[in-house]
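> Residues per chain, in single letters:
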Amino acid sequence: MTTAATTSAAPQTDQADADQEIITRVLAGSKDAFAILIQRYSDPLYRHALGMTGSPDVAEDILQASFIKAYQHLGEVRGRFDAWVFRIVANACKDWLKNIRRTHVSYEEDDQPSSFSTPEEEMDRNELRTDLEYALSRLPESLREAFVMKHVEGRSYEEMAELLETTVGALKMRVHRAREALQALLEEKYA
Amino acid sequence: MIDETPDAPQPEKKVYRKTPPATPAVQAWLDGEQSREELGTADEQETAELWARINSEAENLRKRHTPIHVQSRILSSLPDIPAVKDPEPEERQLKPAVLAIGAVVILAVGALIGFMIVR
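Chains as they are written, first to last, in this note's numbering: chain A, 1 to 191; chain B, 1 to 119.
Incorrect hints may appear among the rest.
In silico lysine-lysine, DSSO-like type, Cα no more than 27 angstroms apart, as pairs [claimed, not checked]:
1. A:Lys69 with A:Lys31
2. A:Lys31 with A:Lys98
3. A:Lys98 with A:Lys69
4. B:Lys63 with A:Lys94
5. A:Lys172 with A:Lys98
6. B:Lys63 with A:Lys172
Treat the hints as calculated values from the structure; they're not laboratory data.
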């Protein structure tokens with residue numbers, strides 16, 4: 001059974017306080033303290049950029065540009081840093097999608113260990129991945145974002161709603177529509 | 001020449017059948033609101049099987065980490081000028097003199113419009 005990851009309010013508050021403490025240090029001149037924020041949030045942000053763009057190179061560039069922007073505007077943070085920096089990355093991904101006309105997307109440089117045992121399974125997996133990437137690239141931006149956040153990043157609807165500043169109902173609708181569209185794109189191949 | 005003898009082995013041709021669309025029950029399962037065992041029909045189980053494969057691939061993507069060199073690249077590319085604290089909201093408030101001038105201008109424009117309407 002797929003379970004949605006839920007986060008309680010207390011750890012979030014602790015995390016926000018810890019982030020705020022680091023921000024204060026950076027604003028006081030400790031550039032090195034910013035490394036803690038990079039280390040803390042780069043993985044989920046990288047996965048979001050990768051899911052949205054389909055390209056590791058582009059995801060890296062977006063991550064770098066976003067953290068530089070976050071550093072330069074750190075004094076403007078109001079509320080949670082993770083939500084604020086997420087919006088910077090999410091907007092950068094949307095800008096990239098708007099500006100770049102792509103003919104192919106690829107998750108190259110896959111250095112993750114394989115959980116598939118036989119060459120046939122490995123081939124099937126690569127084929128599914130390629131088709132999933134292709135199907136994702138065909139989705140409208142808002143559906144793609146919702147699908148990536150739910151299925152690739154494993155976020156709860158509540159968390160998504162907070163980050164995207166919308167309602168759980170609207171996001172459920174987007175995810176459901178994204179699934180229908182993806183299935184329609186994949187069904188002939190994998191039925 | 002094409003061999004049309006009925007006994008000749010024919011190449012296996014894949015016949016695709018559309019996966020049934022995701023019903024509300026399948027969507028609820030994917031949302032983590034019910035278990036897969038609760039999916040009643042064969043069609044729903046078939047759709048769930050397709051989604052189990054998609055989810056498996058999505059989970060592989062979820063395990064990915066930022067390449068090591070990226071973090072150090074970001075750190076080395078941060079500008080030397082430290083981030084500047086944004087002015088406090090109080091500092092950005094309008095000064096009384098500016099407010100007074102604004103009020104006078106609005107009153108004057110209002111009076112002018114009123115004068116034109118009366119004429």
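> It remains to establish, for every hint, whether it holds in the given structure.
Hints, verified against the model:
no., hint, verdict
1, A:Lys69 with A:Lys31, "holds (14 angstroms)"
2, A:Lys31 with A:Lys98, "violated (33 angstroms)"
3, A:Lys98 with A:Lys69, "holds (20 angstroms)"
4, B:Lys63 with A:Lys94, "holds (23 angstroms)"
5, A:Lys172 with A:Lys98, "holds (24 angstroms)"
6, B:Lys63 with A:Lys172, "holds (24 angstroms)"
This entry does not satisfy hint 2, going by the numbered hints stated previously; all others are met.
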